[in-house]
Amino acid sequence: MRQFKVFKSLVVDSLDTITKGSVKYHLWMGFLTLIILIGMYCYSIQLEEGLSVTGMNDRVSWGLYISNFTFLVGVAAAAVMLVMPTYILKDIDFKQAVLIGEGLAVAALIMCIAFVIADMGGPAVLWHMIPGIGVFNFPKSMLAWDVIVLNGYLFINITIPFYILFRHYQGKEAKKSVYLPGAVLSVFWAVAIHLVTAFLYQGLQARPFWNNALLGPRFLASAFAAGPALIILVLAIIKHFTAFKVEERTIKKIAMIVTVAAQINLIMLISELFKEFYAPTHHSESAYYLFFGLHGKTALLPWIWTAISLNVIATAMLTFNRLRNNPKVLYFCCAMLFVAIWIEKGFGLIVPGFIPGPYGKIVEYLPTSIEVGVTIGIWALGAFIFTILAKTAIGIELGELRYKSKEDTL
Amino acid sequence: MSENKKWYSLDLGLKRKKASSGGCGCGKSEGDCNSPKEELSAEEFYEAAINASIGDERHRDGFEQVFDVKMDRRSAFKKLTASLLIGAGAVSTSCSLTSSGDAKEKAQIDWEEQFKGNYKLMSDEEKKKTVDRLMRSYELRTGKNISMTAENAEEDVLFGYAFNISKCQGYMDCVTACVEENNQDRNSEMQYIRIHEMKDGEGFKFDKADDNYYHEVPVEGHFYMGTQCFHCDNPPCVDVCPVQATWKEEDGLVVVDYDWCIGCRYCMAACPYDGRRFNWSKPEVPENEVNKNQHYLGNRMRKKGVMEKCTFCVQRSRKGKNPACVEACPTGARIFGNLLDPNSTIRWVLENKKVFRLKEDLGTEPKFWYFMD
Amino acid sequence: MKNKNRIYCTLLLLFAILSSCKNEGEYHSVSDRIAAEEVPYHGTLSSEELLAGRDLIKITEGDHIFLIPERKSQIKSFACIECHSKPLSQMKEPDKTKAHWDITIKHANIETMNCASCHNPQDMNNLRSLTGSKIDFDLSYKLCAQCHNTQFKDWKGGAHGKKISGWTPPRASMTCVECHNPHDPGFSQRWPAQFNTKKAIERKEGLDH
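Chains A, B and C supply the protein sequences, listed in that same order. For the first sequence, the positions run 1 to 410 when our numbering is used. For the second sequence, the positions run 1001 to 1373 when our numbering is used. For the third sequence, the positions run 2001 to 2209 when our numbering is used.
So that you can see chain A by itself, here it is in the shape it has in the complex (with noise of 0.2 Å):
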C-alpha cells in the first residue's frame, strides 16, 4: 500500500517536473510536439493509402523504417557498455553515466518498435504476434526471436532504472541484491539483441549481402561505437543545461569505448571489402552497386562515401589520445561517427541488401517524403520520451525529487 502511494507521488512528482523547466526547455518540448504531430499526419496517410505512399516496392520491400530499425537497436544494446562496467566490474565512474544510458535505451526501443510497426502493411492485425492470442512462430522465425528479445530488453531497462530512481526517491539507497541480477542479465541480453537483430538478415540464403557470417559481430562493433558515441553527446548536453555532474573521466572512459569498438568496425569492413572485391562473384553484385554503382545506377554512392570518409576520420582522430581529450574534437568525432554508422547500417545495409534483385534486376530507392516525415516524427518521439526520462531521472539524482511522506511534513 505504503509502495503505490510512493509510486502515486513520484508519477506526480515527475509531472510536475517535466512541465515546468526553462523558456528553452519548453521551446524544445514544443519543437518536438510539433515534429510528431507532423509525423502522425504522415502516418495518417500512410494508414489511409497503404505503403505505396513510400519509396518501397516489391524490388526493395525494406527501407527507411528498417534501416532507421535496425541501427536503433545497436544504440539501445549500447547501453550494455556502460551497465557492465558499473554493475560488473564496479566501476563506480559509471553510475550516473548508466542511468542516462538506459533511459537512452528505453527511448532507442520504443522508436524501434513504432519503426517496425510503422513498417507495417496491416498494424490493425498486430496482435496475432502475441502469443497465446496470435500464433507465435517460435523458435522458427528470427523476427519472433526479436519481438521477444526487444520486449525482454526493453523490460529490463526500464524496471532496472525504475528500481534504483524509485529508491532514491526514497532517499533509500538501492539494494544491490534486487538489480544487479537484472543488470547481469542485461548485459547478455543486449548482446542477444543486437545478435538475434543480425541474424534478421544474415539467415537469409536470397540474399547473399546479408548473408555473411560477419554481419553479426560487425553490428556489435558499429552498435558500441555509435550508441556510446550518442551518450557521449547527451552527457555533454546534460552537462551543459543541467546541474547534474558527470564527472570529466566517465566521459574519457566512454570515449575509449567508442575508439575501440570504432577501431574493430573499420577492420571488419576493411575484412568485408576484401572479401566483395578480391575475388568477386556474382554475390559481390550487392556490394559493386553500394560502393561503384552497378549499370549506372549510383543512387548510394555519396551516401556511403560519406558514411566512409566520416568512420575513417573519426576513428582516426579519435585513436590518439590527445585529441581524444580534447572535448571539443570528441563531440565533434563523436557526432561524425554517429552519422556514418547511422548511414552505413541503415542505407548502407537494408537497401544494397535488395539490390540487385533475385533476378539481377535494379530498382532504386530513395524514401518519399512522408516516409521521412513519419521516420523524423519517430525520432522526436524518442527524443521527447528521452527527455522526460532524463529529466525526471536528473531530478531525482539531484534530490530536488524527494518523496514527502506525511510524517516528513508534521
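In short, the hints are calculated from the structure, not lab data. For every residue, glycine included, the Cβ atom is placed at its ideal position computed from N, Cα and C. Mixed in with the good hints there might be a few duds.
[Claimed, not checked] Far from chain C, some chain B residues (derived; all Cβ distances over 12 Å): (1) Gly1101; (2) Lys1167; (3) Val1290; (4) Ser1344.
[Said to hold, decoys possible] These stretches of chain C come out as covered by chain B in the derived footprint (C-beta under 8 Å, 3 or more residues): (5) 2032 to 2040; (6) 2045 to 2053; (7) 2076 to 2084; (8) 2111 to 2124; (9) 2178 to 2191.
[Stated by the list, open to error] No more than 25 Å apart at the CA atoms, straight line, and that leaves these computed lysine-lysine pairs for PhoX-like: (10) Lys175(A) with Lys90(A); (11) Lys275(A) with Lys1359(B); (12) Lys2162(C) with Lys1319(B); (13) Lys252(A) with Lys95(A); (14) Lys2153(C) with Lys1353(B); (15) Lys2086(C) with Lys297(A); (16) Lys1205(B) with Lys2198(C); (17) Lys2162(C) with Lys1353(B); (18) Lys1319(B) with Lys2058(C); (19) Lys2106(C) with Lys2058(C); (20) Lys1205(B) with Lys297(A); (21) Lys275(A) with Lys1116(B); (22) Lys297(A) with Lys176(A); (23) Lys140(A) with Lys1120(B); (24) Lys2153(C) with Lys2134(C); (25) Lys140(A) with Lys1359(B); (26) Lys2198(C) with Lys1208(B); (27) Lys1354(B) with Lys2072(C); (28) Lys1205(B) with Lys1319(B); (29) Lys1248(B) with Lys140(A); (30) Lys1199(B) with Lys297(A); (31) Lys1353(B) with Lys2142(C); (32) Lys2072(C) with Lys2086(C); (33) Lys2162(C) with Lys1354(B); (34) Lys297(A) with Lys1208(B); (35) Lys140(A) with Lys1116(B).
Assemble chains B and C onto chain A, guided by the hints.
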C-alpha cells in the same frame, strides 16, 4: 461517390456498402437516412478497430499500449460470441434505430472477420464459417454472389510443375490468364509470372534478360524462361513468417492466409525467386472482371498491406483442373501434375528429360523444374 | 542434485526443440519424399467430370494408355469423299475455283513432302503412311510420328503437348493437330499478350517521386 463507381474496393474493413435494400425506421426517405448512417457506422467501426488494435501508439509509445490492448482482446477473444455481439452492438448502438439489418450484419461480419483465428489452425467447420462470412460480406457490399470454397489438400497428392524452355515462345498468354484468374490488382499491374527473354549462348543471365519486353516474339536467337513461385519443399519464406500466416500445405502448395498476414514483408526478403508480391495500396479489380470462383487460400479478394503469391491456382488445382497458366499456354511449355503419382506426366518428365531447378544450391527444393526438348 | 537434473532436462528439451524445428519433414530432398511416398493416384478427384460431353478415343502407345479427342467430327468438310468422288487428276479443271485455295503447305520442303505424303488420292477419307498403309484421321498423330519421333516420344510421355482438362487421371491429351496446323505446323511471331507499364516506370524512373 461510391454508388456509381465502376471499380469497387477490396478492403473489407473500410468499404462502405453500396445502396442497400430494405426500409428503415426513420421518417426520411431511404437514401437520405441510410447512406450517411452506414458511412458513420463503417467509419466508427474502423476507428474502433484501429483504436482497439493499435490506438495512439502508432506514433506514441509503441509497446506498452499494444500490450494493454491485447489484454482486452484476449478477454474479448475468449468470450467470443457474447462479447463480440456486445462490441459490435456498442459500435452500432447509435444508429440501431435507423440503420438497416444489412448494415448490422455487415458490422457483425467485419467484426468476426477481424478477430478470427489463423486459417492454418482452423477446423473444417471454422473454415466453412469464415468462407460463408466472406461470401455474405461480398454479397452485402456489391449485391453480387461469389462462390468461395475451402477445399483441403487431397491425400496422396504433391503438386509439381515443369517448364519447357525450348517450347516457350514468350507470348505471355500465361501472364494474362493468371492475372484474370487470380484477381490481381489492376492498378499496380501486379503479375505473379515473369517471362525472361534470354540470349542464346550466354547461359542463364537473368540480369541481362528482359522480362518486360514488348516486341514481336519469339525473337531470333533468344529463348524464354518463365519464373513464378516455385512452391519450394523447404520454403525459406515460410520459416521466417513471424505469425505463420504462410505455410506449406500437405499437397505442397505454399499459401498465404491474407487475413492473418501482418504485412511485415520478411517473406519477400527471404524468397530467392521473387515469388511474392505485396499489396502496396488497395487492390482493385473492375467488378465485371472479377473471377467469382474463389478459394480462401487462392484468388479471393485481397486487402491492402498483405502478401500474396502464386498458389498454382489452388481454386482450380484442388478441383482437378490445371492452373490457369498451364491451360492458357499455347505452346504446351507448362506441365503440371501430381508428383506422387508414378503414372503422371510430370513424373515422366522428371524421369525422362534432363531437368534442373533454379538456385538449387540454396537448398530450397523447388517443386518447379525446367527442361529442354 | 535434483535441481541439476532439472536443468539438464530443460537443456535437453530445449536442444530437442531447437534441433527439431528446422527439419520437420523427414526427407532431405523432394525427390526422396517422392520416392518414399509415391502411390498411384486413386483419390476422389477425377477428370471424368471435366471431360464429360467430349468424344474421346482411348489409345495405347507403348506403356502409355490415354485418351485423345476424336477428330473427324471436328473437320468441317469430312467425309472427304463427299467431294472427292473421283481421282484428283480428273477433278482438276482450269476454269473451276480451287476447293482448298486457303491451304499452302509450309511443312518441310517440297522435295521431302507434298500433299501425297499424307493424303491418299485414291482414298481421301483416310490418311496414308509413308509405306502406304492406311491411317485413320482420328489417329493422325501416327502420321506425324513417322518423322517427328522424338516429339512423339515426348508426347506419349507427356512432355510435349497439352492436356485436355486437368492433372487428374484419366489422362486425356490433345493430339498434334490441336495445336499445329498440319499444313503449316510452325508457330508464328506475334505480339506478347501483356506489357507491364508500371514495371517499366519503376525501372526507368525509379527515383522520380
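Quick rundown of the hints versus the structure:
Separation of glycine 1101(B) from chain C is adequate, the least Cβ-Cβ distance of about 39 Å exceeding the 12 Å criterion. At roughly 8 Å from the closest C-beta of chain C, the C-beta of lysine 1167(B) falls inside 12 Å, breaking its exclusion from the interface. At roughly 19 Å, the least C-beta separation between valine 1290(B) and chain C is larger than 12 Å, which holds for a residue marked as non-interface. At roughly 7 Å, the least C-beta separation between serine 1344(B) and chain C is not larger than 12 Å, which violates its mark as non-interface.
Residues of the stretch 2032 to 2040 of chain C with a Cβ under 8 Å from some Cβ of chain B number 6, which satisfies the need for three, so the listed coverage holds. Interface restraint, the stretch 2045 to 2053 of chain C with chain B: holds (5 residues with C-beta to C-beta distance below 8 Å; minimum three). Evaluation of the coverage hint for the stretch 2076 to 2084 of chain C: breached, as 0 residues show C-beta separations to chain B shorter than 8 Å, against a requirement of three. Coverage of the stretch 2111 to 2124 of chain C by chain B is violated [criterion: at least 3 residues with CB-CB distance below 8 Å; count 0].
Here's how the stretch 2178 to 2191 of chain C fares: 5 of its residues keep a CB closer than 8 Å to some CB of chain B, so the rule of at least three is met and the hint holds. Of the supplied pair hints, the one linking lysine 175(A) and lysine 90(A) holds, its CA atoms being roughly 14 Å apart against a limit of 25 Å. A threshold of 25 Å between alpha carbons decides the hint, and for lysine 275(A) with lysine 1359(B) the separation of about 22 Å falls inside it, so the pair holds. Among the hinted pairs, lysine 2162(C) with lysine 1319(B) is consistent with the structure: their alpha-carbon atoms are about 18 Å apart, no more than 25 Å.
Distance restraint check for lysine 252(A) and lysine 95(A): the Cα-Cα separation of roughly 14 Å lies within the 25 Å cut-off, and the hinted pair is therefore satisfied. Distance hint between lysine 2153(C) and lysine 1353(B) is fulfilled; the C-alpha atoms sit about 11 Å from each other, no more than 25 Å. Of the supplied pair hints, the one linking lysine 2086(C) and lysine 297(A) is violated, its CA atoms being roughly 73 Å apart against a limit of 25 Å. Proposed proximity of lysine 1205(B) and lysine 2198(C) is supported: the alpha carbons are some 23 Å apart, at most 25 Å.
Taking the CA atoms of lysine 2162(C) and lysine 1353(B), the gap is about 17 Å. The hint holds against a cut of 25 Å. Simply put, lysine 1319(B) and lysine 2058(C) have alpha-carbon atoms about 23 Å apart, close enough for the 25 Å limit, and the pair holds. At most 25 Å may separate the alpha-carbon atoms for a hinted pair to count; lysine 2106(C) and lysine 2058(C) exceed this at roughly 31 Å. Note on lysine 1205(B) and lysine 297(A): the hinted pairing holds, with a Cα-Cα distance of about 19 Å set against a maximum of 25 Å.
The hinted pair formed by lysine 275(A) and lysine 1116(B) fails the criterion: a straight-line CA distance of about 49 Å is larger than 25 Å. Distance restraint check for lysine 297(A) and lysine 176(A): the Cα-Cα separation of roughly 57 Å exceeds the 25 Å cut-off, and the hinted pair is therefore not satisfied. With a C-alpha separation of about 16 Å, the suggested pairing of lysine 140(A) with lysine 1120(B) holds against the 25 Å cut-off. With a C-alpha separation of about 21 Å, the suggested pair lysine 2153(C) and lysine 2134(C) falls inside the 25 Å cut-off, and the hint holds.
The hinted pair formed by lysine 140(A) and lysine 1359(B) meets the criterion: a straight-line CA distance of about 22 Å does not exceed 25 Å. For the hint pairing lysine 2198(C) with lysine 1208(B), the CA-to-CA distance comes to about 20 Å; that is within 25 Å, so the pair holds. Restraint check for lysine 1354(B) and lysine 2072(C): the C-alpha separation of about 36 Å exceeds 25 Å, so the hint is violated. Of the pairs offered as hints, the one joining lysine 1205(B) and lysine 1319(B) is violated, with about 37 Å between alpha carbons and a cut-off of 25 Å exceeded.
For the hint pairing lysine 1248(B) with lysine 140(A), the CA-to-CA distance comes to about 14 Å; that is within 25 Å, so the pair holds. A C-alpha spacing of about 23 Å is found between lysine 1199(B) and lysine 297(A), which places the hinted pair at or below 25 Å, so the restraint holds. Of the supplied pair hints, the one linking lysine 1353(B) and lysine 2142(C) holds, its CA atoms being roughly 22 Å apart against a limit of 25 Å. In summary, the hint linking lysine 2072(C) to lysine 2086(C) is supported, as the alpha carbons are separated by about 21 Å, within the 25 Å threshold.
Restraint check: the Cα-Cα separation between lysine 2162(C) and lysine 1354(B) comes to about 19 Å, which is no more than 25 Å; the hinted pair holds. A distance of roughly 15 Å separates the Cα atoms of lysine 297(A) and lysine 1208(B); the hinted pair therefore holds under the 25 Å criterion. The straight-line distance between the Cα atoms of lysine 140(A) and lysine 1116(B) is roughly 23 Å, inside the 25 Å bound, and the hint therefore holds.
Hint compliance for this structure: hints 2, 4, 7, 8, 15, 19, 21, 22, 27 and 28 are broken, all remaining hints hold.
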